[in-house]
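If you read the sequences in order, they're chains A and B. For the first sequence, numbering that gives the first Met the number 0 begins at 0 and goes up steadily by one. For the second sequence, numbering that gives the first Met the number 0 begins at 0 and goes up steadily by one.
The hints are simulated quantities; they were obtained by calculation from the structure and are not laboratory data. Be a bit skeptical, because a hint or two may be false.
In this list, chains with the same sequence are indistinguishable; a pair is considered to hold if it fits within one copy or across any two.
[As the list claims (entries may be wrong)] Pairs of lysine-lysine, DSS-like flavour, derived with a Cα cap of 30 Å:
#1 Lys244 - Lys302
#2 Lys363 - Lys120
#3 Lys203 - Lys355
#4 Lys385 - Lys121
#5 Lys355 - Lys132
#6 Lys102 - Lys120
#7 Lys163 - Lys151
#8 Lys121 - Lys63
#9 Lys357 - Lys295
Because the structure is a prediction, the values reported are computed rather than measured.
There are 2 protein chains.
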Amino acid sequence: MARTNARLIRFGIFALVLVFCGYILTKGSSNSYNLSKSTTVSPEAQSSAETTAPAAPEKKETTKVFSNSGSKEKATFVSLARNQDLWELVGSIRQIEDRFNSKFHYDWVFLNDGEFSEEFKKVTSEVCSGTTKYGQIPKEQWSFPSWIDTEKAAQVREEMKKNKIIYGDSISYRHMCRYESGFFFRHPLLEEYEYYWRVEPGIKIYCDVDYDVFKFMKDNKKSYGWTISLPEYKETIPTLWKTTKDFLKENSQYVADKNLMDWISDDDGGSYNGCHFWSNFEVGSLEFWRSDAYMKYFEFLDKAGGFFYERWGDAPIHSIAVALFMPREEVHFFDDIGYFHNPFHNCPIDEAVREKNKCMCAPKDDFSFHSYSCTSKFYDIMGLQKPTGWEKYVQ
Amino acid sequence: MARTNARLIRFGIFALVLVFCGYILTKGSSNSYNLSKSTTVSPEAQSSAETTAPAAPEKKETTKVFSNSGSKEKATFVSLARNQDLWELVGSIRQIEDRFNSKFHYDWVFLNDGEFSEEFKKVTSEVCSGTTKYGQIPKEQWSFPSWIDTEKAAQVREEMKKNKIIYGDSISYRHMCRYESGFFFRHPLLEEYEYYWRVEPGIKIYCDVDYDVFKFMKDNKKSYGWTISLPEYKETIPTLWKTTKDFLKENSQYVADKNLMDWISDDDGGSYNGCHFWSNFEVGSLEFWRSDAYMKYFEFLDKAGGFFYERWGDAPIHSIAVALFMPREEVHFFDDIGYFHNPFHNCPIDEAVREKNKCMCAPKDDFSFHSYSCTSKFYDIMGLQKPTGWEKYVQ
Numbered sequence: 000m001a002r003t004n005a006r007l008i009r010f011g012i013f014a015l016v017l018v019f020c021g022y023i024l025t026k027g028s029s030n031s032y033n034l035s036k037s038t039t040v041s042p043e044a045q046s047s048a049e050t051t052a053p054a055a056p057e058k059k060e061t062t063k064v065f066s067n068s069g070s071k072e073k074a075t076f077v078s079l080a081r082n083q084d085l086w087e088l089v090g091s092i093r094q095i096e097d098r099f100n101s102k103f104h105y106d107w108v109f110l111n112d113g114e115f116s117e118e119f120k121k122v123t124s125e126v127c128s129g130t131t132k133y134g135q136i137p138k139e140q141w142s143f144p145s146w147i148d149t150e151k152a153a154q155v156r157e158e159m160k161k162n163k164i165i166y167g168d169s170i171s172y173r174h175m176c177r178y179e180s181g182f183f184f185r186h187p188l189l190e191e192y193e194y195y196w197r198v199e200p201g202i203k204i205y206c207d208v209d210y211d212v213f214k215f216m217k218d219n220k221k222s223y224g225w226t227i228s229l230p231e232y233k234e235t236i237p238t239l240w241k242t243t244k245d246f247l248k249e250n251s252q253y254v255a256d257k258n259l260m261d262w263i264s265d266d267d268g269g270s271y272n273g274c275h276f277w278s279n280f281e282v283g284s285l286e287f288w289r290s291d292a293y294m295k296y297f298e299f300l301d302k303a304g305g306f307f308y309e310r311w312g313d314a315p316i317h318s319i320a321v322a323l324f325m326p327r328e329e330v331h332f333f334d335d336i337g338y339f340h341n342p343f344h345n346c347p348i349d350e351a352v353r354e355k356n357k358c359m360c361a362p363k364d365d366f367s368f369h370s371y372s373c374t375s376k377f378y379d380i381m382g383l384q385k386p387t388g389w390e391k392y393v394q
Numbered sequence: 000m001a002r003t004n005a006r007l008i009r010f011g012i013f014a015l016v017l018v019f020c021g022y023i024l025t026k027g028s029s030n031s032y033n034l035s036k037s038t039t040v041s042p043e044a045q046s047s048a049e050t051t052a053p054a055a056p057e058k059k060e061t062t063k064v065f066s067n068s069g070s071k072e073k074a075t076f077v078s079l080a081r082n083q084d085l086w087e088l089v090g091s092i093r094q095i096e097d098r099f100n101s102k103f104h105y106d107w108v109f110l111n112d113g114e115f116s117e118e119f120k121k122v123t124s125e126v127c128s129g130t131t132k133y134g135q136i137p138k139e140q141w142s143f144p145s146w147i148d149t150e151k152a153a154q155v156r157e158e159m160k161k162n163k164i165i166y167g168d169s170i171s172y173r174h175m176c177r178y179e180s181g182f183f184f185r186h187p188l189l190e191e192y193e194y195y196w197r198v199e200p201g202i203k204i205y206c207d208v209d210y211d212v213f214k215f216m217k218d219n220k221k222s223y224g225w226t227i228s229l230p231e232y233k234e235t236i237p238t239l240w241k242t243t244k245d246f247l248k249e250n251s252q253y254v255a256d257k258n259l260m261d262w263i264s265d266d267d268g269g270s271y272n273g274c275h276f277w278s279n280f281e282v283g284s285l286e287f288w289r290s291d292a293y294m295k296y297f298e299f300l301d302k303a304g305g306f307f308y309e310r311w312g313d314a315p316i317h318s319i320a321v322a323l324f325m326p327r328e329e330v331h332f333f334d335d336i337g338y339f340h341n342p343f344h345n346c347p348i349d350e351a352v353r354e355k356n357k358c359m360c361a362p363k364d365d366f367s368f369h370s371y372s373c374t375s376k377f378y379d380i381m382g383l384q385k386p387t388g389w390e391k392y393v394q
């Protein structure tokens, strides 16, 4: 009788050990992911998971959801790079890993018009905490299309070289702009993903990002996120706007109701003011680029030849498409990440943001509210509350 | 009877629960410190915890102990900075935190000849994971000593300005060199510490450092650690060596038996070859600077006036003292940290080291084995095995 009791008790306590230790182990792992900060949700968000704004007093305080719970999004980092970019890119990867990805381990897709060296693959796979994938760009997506008069294109490059237009005489830069404009999101390696974060060599991320940026995009119905905006050099896009208007004549159905036309044009669409999101940083929805609207727009621009007869950049093209085809509520300015790409800094001027995220940047360097930037205009059009003291940074 | 049995068993199993969970908890915590890497000890070390070398074949393979167990050392980071250095210094702090201190949380002492601003204290205390302390340098340690002829000193600065000697005309640079040479280790805020790691604004740490560097210094009986070495500009120290020899005439008892004289002199002490450890990076023992040998040496140099009548730097002074007064086995070259201070890089050329520590630097930039560096000479004198392929980096 005593034996049976004892056996029962032993069994009971053993189960207890398992449960208790299981509890401790899981407790440990979640700590190591440092979710304590990242799951903090703003008061508004606690009261409602809605992403739409409550009745605004004068300036609206958008309610946002910051969540790391549940599974990862179908998202990846994507970098267009050549073997010689390796070490500058490794610097960028470490920035992203230190500030964000070491907590989330998202994949990284590397694309190259040439073949990646074994060293490139070895080193990048070592520093990325997620899975790394390496893709080569098909020749036809990185060369002159059949309909381009290469003679004429060569003359343009000569001309631009004389006029000292940056990258004006570069062929590869033009292939790059065309690829980023119309092809990267169609690469087989990106097929499985919904969101991407574009990263270039030599960039810096200034602040800790403790929330899942991709989940943030999805939860808040955002389709395009950016950090720096400025006007484009008009000499590189003489006919881009005319070509865009020609496209719109036939395809007005693609224009979103509440769009950002006012941000890219100061005369109601008559002319382009050059404002664009600096596309060396992009967190966006791949679906948007794969949509009929954008695919047709790109085909139309590509046929017009401006990538080679002028020097159209992917930044103004992405930005015009986002401004016209995307509901403006889906466009998000990241005011909490902090970003540097030579020569411009995005450094949160809100001290509370810098403090919470340990931003390692000097607010005086922030370009967002500089008179040359288009970011202040974005705040105005979106009816967003500018951070206090922004006037000090206009210059 | 059954009851007593059961009670006894319950008690026994309960003890078991405590032991078992205690075991898991300690296991958990050490994981979060990522000891997996840092505790790996070389085969020799496993067989013996000794830090001395086994009988060497031709080149000795020093056995080192890497341990994070037990309590923290009495150690701190120390930075001499002005308020205007804030953001460049924050960049350095983040480098140290990301690569090392986020795992160990050592303190940070900031010293300033002026008063630290509230902003400086607020921002630095936010980005440091250890306790931060702020000290002001006493006026008498940052001004001309009574015995200095300021007229003569002014003439020297004029002369050096004409001859374009770097910092040749700067007064504050001279106060800085004098302070780093003879006073920082005596500041009350440093009294409680045994070891320090000197950090300057604008530096980079290229590799993950997963072991406790200070514990490494203690366990391996190291008193001075460095990353970059090079020859000093002779124009800044015309009489430093003569003054040193005058000191040694009276104080030969301070010279260590197995010293590094051969590293700083190519003619057996006749002249100084200028080789010095670049002191903007230092991990060292404070006791050494506080020793009679060094204190008397500094007093002697200070009285000679070379800080002001010439432009003696703290680097050659620290280096000469280390080379002469410290047993050379206590001098350690960090070949696994990776360091940058404009314009020189220390980037481990051993691929296995870069891989293990995720070093974000290009080996081709490494200065260690460059013909202008004195590091190769250090390997030779210490009888250390150079990394394979070092010849490729001589240039």
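- Task: At 30 Å max between alpha carbons, let me know whether Lys363 reaches Lys120 within a copy, between copies, both or neither.
- Result: The answer is between: 18 Å across copies meets 30 Å, while 38 Å in one copy does not.
- Have a look at Lys355 and Lys132 and pick one of within, between, both or neither, based on CA distance no larger than 30 Å. For Lys355 and Lys132, the Cα distance is within 30 Å only across copies (21 Å; inside one copy 33 Å).
- Message: When Cα atoms must be at most 30 Å apart, do Lys121 and Lys63 count as within-copy, between-copy, both, or neither?
- Response: between (39 Å within a copy, 28 Å between copies)
- Task: Give the relationship of Lys203 and Lys355 under a CA distance limit of 30 Å: within one copy only, between copies only, both, or neither.
- Result: Both. Shortest intra-copy (18 Å) and inter-copy (23 Å) distances satisfy the 30 Å Cα cut-off.
- Alpha-carbon proximity between Lys385 and Lys121, which holds within one copy, between copies, both or neither at 30 Å: between (44 Å within a copy, 24 Å between copies)
- Could you figure out if Lys163 and Lys151 sit no more than 30 Å apart (CA to CA) within one copy, between two copies, both or neither? within (18 Å within a copy, 53 Å between copies)
- Homomeric proximity label, Lys102 with Lys120: Cα distance no greater than 30 Å: Both: 22 Å inside a copy, 28 Å across copies.
- For Lys244 vs Lys302, is the C-alpha pair at or below 30 Å within one copy, between two copies, both, or neither? So Lys244 and Lys302 pass the 30 Å test inside one copy only (15 Å; across, 80 Å).
- Identical-chain pair category, Lys357 with Lys295, by Cα at 30 Å: Close neither inside one copy (43 Å) nor across copies (43 Å); limit 30 Å.
Of the numbered hints listed earlier, the single one contradicted by the structure is hint 9.
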